[in-house]
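Line by line, the protein sequences give chains A and B.
Going left to right, the first sequence walks through residues 12 to 124 as our numbering numbers them.
Going left to right, the second sequence walks through residues 28 to 139 as our numbering numbers them.
Hint data in this document are derived by calculation from the structure and do not stem from the laboratory.
One thing to keep in mind: the hints can contain errors.
[Claimed, not checked] Below are the DSBU-like pairs computed for lysine-lysine, each with C-alpha atoms no more than 35 Å apart in a straight line:
#1 B:K30 / B:K40
#2 B:K97 / A:K60
#3 B:K82 / A:K79
#4 B:K84 / A:K116
#5 B:K84 / A:K69
#6 A:K69 / B:K30
#7 B:K30 / B:K82
#8 B:K84 / B:K30
#9 B:K84 / A:K111
#10 A:K69 / B:K40
#11 A:K116 / B:K80
#12 B:K40 / A:K80
#13 B:K45 / A:K69
#14 A:K69 / B:K82
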Amino acid sequence: AQSVTQLGSHVSVSEGALVLLRCNYSSSVPPYLFWYVQYPNQGLQLLLKYTSAATLVKGINGFEAEFKKSETSFHLTKPSAHMSDAAEYFCAVSGPRDDKIIFGKGTRLHILP
Amino acid sequence: DVKVTQSSRYLVKRTGEKVFLECVQDMDHENMFWYRQDPGLGLRLIYFSYDVKMKEKGDIPEGYSVSREKKERFSLILESASTNQTSMYLCASSDSLNTEAFFGQGTRLTVV
Numbered sequence: 012a013q014s015v016t017q018l019g020s021h022v023s024v025s026e027g028a029l030v031l032l033r034c035n036y037s038s039s040v041p042p043y044l045f046w047y048v049q050y051p052n053q054g055l056q057l058l059l060k061y062t063s064a065a066t067l068v069k070g071i072n073g074f075e076a077e078f079k080k081s082e083t084s085f086h087l088t089k090p091s092a093h094m095s096d097a098a099e100y101f102c103a104v105s106g107p108r109d110d111k112i113i114f115g116k117g118t119r120l121h122i123l124p
Numbered sequence: 028d029v030k031v032t033q034s035s036r037y038l039v040k041r042t043g044e045k046v047f048l049e050c051v052q053d054m055d056h057e058n059m060f061w062y063r064q065d066p067g068l069g070l071r072l073i074y075f076s077y078d079v080k081m082k083e084k085g086d087i088p089e090g091y092s093v094s095r096e097k098k099e100r101f102s103l104i105l106e107s108a109s110t111n112q113t114s115m116y117l118c119a120s121s122d123s124l125n126t127e128a129f130f131g132q133g134t135r136l137t138v139v
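The shape of chain B in the complex, shown without the other chains:
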């Protein structure tokens, strides 16, 4: 059974903190994605990676960075958390041949 695992379901952080969201997939997928989900706005792509150490900006990269040192792990970093980054964050992975994305359960981040 395919699996994408996000390290935390719920997270509360203070404004200005550096925040790491971790995602691991066990399917040997080339592509990995970070989305944020907000009511009425759907899923918006923050960053995606198509290979180890490769990354590409999505639609809303400002305030975020990513790291992919190993194929199975893709980290989202909030350099200095702000209250407008309070959201649900979803990680996904895909195989170029099959195209569909597999999602983790999501991390609900609250910045206070």
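Isolated chain A, as found in the complex:
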């Protein structure tokens, strides 16, 4: 069965510092991978997705993620954190033979002034 593990339920970074949120996946075949963001009292919004094209994926709001098959990882990064990035971030996996989308437990990102 597919699964994802997000390391760190809470991450704090200073405004302007690098953001790194970690995600490792388990899948017997090359999966589709996603990062979603959830702002308070809202649903989830897609940040970016990997679907077996380029291994470095660029998303919205300056975020990007790199698919590393050898490490089974799909970490999310942003060079310079902004206060508006404070939110909860979810890594997710699905397919290609299964349309179910399985989510990690989430990482809450705190931005320090």
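Position chain B against the provided structure of chain A, taking the given hints into account.
Just chain B, lined up with the frame of chain A:
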């Protein structure tokens, strides 16, 4: 603009009541999902449907059932609500070709 609409943002129900949570999508998506979200546990899949009248259990189906009579509508049913079903419920839909899921705003259900 794609849209997934959940019928209620907030709901308070009594223990033992039958509860219906409704979700409608306007994107002609084949797949629809119900998740529950609890602090520290992330999103857990309750049920998903890949076609009209088709359903598949997720990770935590106990105490829930679903109905999909039309492609655009996917209902989650709590047969007899219990306090441990107090949670945020999120509906989503996806297209098999594009794979990403689109989410509704969520329904915060409190069972008292």
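Structure-based check of each hint:
| no. | hint | result |
| --- | --- | --- |
| 1 | B:K30 / B:K40 | holds, 27 Å |
| 2 | B:K97 / A:K60 | holds, 29 Å |
| 3 | B:K82 / A:K79 | holds, 33 Å |
| 4 | B:K84 / A:K116 | holds, 20 Å |
| 5 | B:K84 / A:K69 | holds, 33 Å |
| 6 | A:K69 / B:K30 | holds, 24 Å |
| 7 | B:K30 / B:K82 | holds, 22 Å |
| 8 | B:K84 / B:K30 | holds, 24 Å |
| 9 | B:K84 / A:K111 | holds, 10 Å |
| 10 | A:K69 / B:K40 | violated, 43 Å |
| 11 | A:K116 / B:K80 | holds, 30 Å |
| 12 | B:K40 / A:K80 | violated, 46 Å |
| 13 | B:K45 / A:K69 | violated, 44 Å |
| 14 | A:K69 / B:K82 | holds, 34 Å |
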